Amino acid sequence: MSRLQRTPKPRTIVALVEDRPGALNRLVSKCRQRGFTIESFTMRRSEMPGLFRVVFEVRADTDPDQVVKQLSKLIEVVDIRDVTSVDTVTREMALIKVCCDRSQYGYITAIADTFQASILDASPGSVIVEVTGDARKIDTMVNLLDIYGVTEVVRTGPIAMTRGPQPAHEWPESDAFARVPARVSRSQHSAAD
Amino acid sequence: MAKMTGAEMVLESLLREGVECIFGIPGGANLPLYDQLPRYYPRIRHYLVRHEQAAAHAADGYARVTGRPGVCFATSGPGATNLVTGIANAWMDSVPLVAITGSVTRSLIGRDGFQEADITGITIPITKHNYLIRDVREIPRVIREAFYIARTGRPGPVLIDIPRDVQQEEGEFYWPERVELRGYRLPPPPDPDAIDDAAALIDTAARPLILAGHGVILARAYAELQALAERAHVPVITTLLGISAFPPDHPLYLGMPGMHGMHWNNMAISEADLLVAVGMRFDDRVTGRLQDFAPHAQIIHIDVDPAEVGKNVRPTVAIVGDARECLRQLAMRVSYRPRSAWMARLEELKAAYPSLAYPEDTEEILPQYVVDKIYAMSGDCYVVTGVGQHQMWAAQFFRSRKVNALITSGGLGTMGFEIPAAIGVQVARPGDLVWSICGDGGFQMTSQELATVAEYELPIKFAIINNGYYGMVRQWQQIFYRGNLVASHLKNPDFIKLAEAYGIYGLQAVRRDDVESVIAEALRHPGPVLIDFRVKQDENCFPMVPPGASLRETLGLPEEYRKFAQKPEVVEVEE
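Chains as they are written, first to last, in the working numbering: chain S, 1 to 193; chain U, 1001 to 1575.
Think of the hints as simulated: they come from the structure by calculation, not from any bench.
Check before you lean on any hint, since a few could be wrong.
As the list claims (entries may be wrong) - Among chain S residues calculated to face chain U with C-beta under 7 Å, some are: (1) L24; (2) R26; (3) Q33; (4) T37; (5) S40; (6) D61; (7) D63; (8) K69; (9) I75; (10) V78.
Unchecked claim - Chain U stretches covered by chain S per the calculated footprint, using a threshold of three residues with CB under 8 Å from any CB of chain S: (11) 1061–1074; (12) 1276–1290; (13) 1369–1376.
Stated by the list, open to error - Pairwise CB distance ranges (calculated): (14) U:R1134 <-> S:Q166: 34 to 40 Å; (15) S:W171 <-> U:D1380: 38 to 44 Å; (16) U:E1553 <-> S:T151: 55 to 61 Å.
Bear in mind the structure is a predicted one, so any value in this text is a computation, not a measurement.
C-beta atoms are modelled at their ideal positions from N, C-alpha and C, and glycine is treated no differently.
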């Protein structure tokens, strides 16, 4: 497969959404309607009353800028940022169930230590390992543990936070109403569309 | 504040929003609302339609003409789902609409109660926002918000679903001073740098064109558009929904582009070095094959919705903002340029591609002739159309000098729009002449509304362009499907008898010589009139850019005209 045909890298989006019935439905419905594929999705009440913070990864095959533009039109979306190319700390959590006998516990503990992971449960014939990190770290660890036989992996999908004192939603809002950079060459235009 | 029921709160709130009329149908779940209506008459007038789809289309037509949100009522379940086509139509054309549906009582919601439909769920993709009210005290705030959302920014439909028991419950009426929606963004004033960049592009362009869409009409920016065109001396093309945003007899006016647009416009777009696109979204019916669209042009895109910028076409300069304000500021910055070579070239293109020509010597009635005559004899009237061949002819020959006078379903392309939308237009403009140009197919999709027309004595003139076919379907089957005509022929009722059954004056034209006299008779008659124009059955609508083709590739120019009319050729379609 050539580089050009590769599926586009997902965008990481952080949004603040009002706690109202149907708000999540609207968000997901808009993604479906516009052909954006949701790769992962995490939401929880935020530190601000009445607002949920949603972190999700989404792929848009045509114009990825459409994701923020279309979703920011939803009334319940109070703030939305594409943090893909911003300096962020990104973490994902996974619970990994590994089948093993008593004699292998030591090896698994050693791997867990290397990844700063912890063993949450040790039952006869299996252990559950908890790990946090970026997606690559978790992939690597799952592959390593699979030597012993991984039977189940539960992953949260990433959560992300921008570095520095300013919360993402207090950054100047440049996405939605930004001017398209002037003098885009027309040849680029036809290729992109 | 006095206590009142939810139903009273709804009507009280509608009064405060300046609502004068409602289109709707009562049913079990909205009877408390209807029970209160007489108390508000005549401040609020209710128009009883015969199918909820018509309530939404009538509110849509009313909203397009007045610029204020149209309001429609329906009951739960089937009443609400019948609104869906009308809401989707308003959504696609950015028309402000507030639909208020009754819902089953709160205790039945989610339990498949009789006549329950999840209408808020169903309408999520076709509304700007929607609400299910669970507490009577929310009603004034929600209605206030709904109207605000419907009419501001890029307008659109909003639906409010109110359970029957909430309509009956009593509560304190509290009208909020201000609308507080922290997640609702209105565009900021236009960026002055973008205005400067755009003005510089216009001043240096040798072959510029303005492409004006529905946004100009929605922003009521007619004068500003004309000022920009005249001050910069730039010709104006209007999209289907932009027609009547610019005077059709203006020397700078070029007509409609696109699939059935003037071929001179499509050629002009292909040669232009600058397009100033205002309040239009580069629909595929306008652009043809996107890669070949305006290959030599830089693009200035002015739109109120930032999501439209870059959606289909990447502009050189984008100005996000209200069309009226953007055009006003832009018009002040530009300078006059004679552009005589470009003006001469446009005249050449017009002469080379006479896209409006039709044979004059037929005995049969040509549909183009009917539409042409209606415009010629009616002065500055409103024209409401359905969707299909007759719609394209009505757009091609448009000549009314009234602004915002072509009311048509552009984005969704809803056949059957022509009757109920005309009702809304006539209700909004009781003293004006309203023509509803209908297809014989679309007419039968909402013809029950003739009862509404008769009941309220709305003097609409219906012109059925009756060719006995779903004409545009037949045209596609002839050109793209080897002439294999499947399910496009119509065995029609006697439209005169149908009109008479509803108490409406019916007229018929069979020969070309009848056309003028029946139009004159319709114009003389003070009430509603239906004219059955028996037009030449196999006439097709040209010019035509095949779907997926570039704008330069057109079918049915005069030299080919008879060929396509007689013996259709099969054309390969690139989808």
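Results of checking the hints against the structure:
| no. | hint | verdict |
| --- | --- | --- |
| 1 | L24 | violated (11 Å) |
| 2 | R26 | holds (6 Å) |
| 3 | Q33 | holds (5 Å) |
| 4 | T37 | violated (17 Å) |
| 5 | S40 | violated (22 Å) |
| 6 | D61 | violated (13 Å) |
| 7 | D63 | holds (6 Å) |
| 8 | K69 | holds (4 Å) |
| 9 | I75 | holds (5 Å) |
| 10 | V78 | holds (4 Å) |
| 11 | 1061–1074 | violated (count 0) |
| 12 | 1276–1290 | violated (count 1) |
| 13 | 1369–1376 | violated (count 0) |
| 14 | U:R1134 <-> S:Q166: 34 to 40 Å | holds (37 Å) |
| 15 | S:W171 <-> U:D1380: 38 to 44 Å | violated (52 Å) |
| 16 | U:E1553 <-> S:T151: 55 to 61 Å | holds (59 Å) |
Hints 1, 4, 5, 6, 11, 12, 13 and 15 from the list above are not met by this structure, while the remaining hints are.
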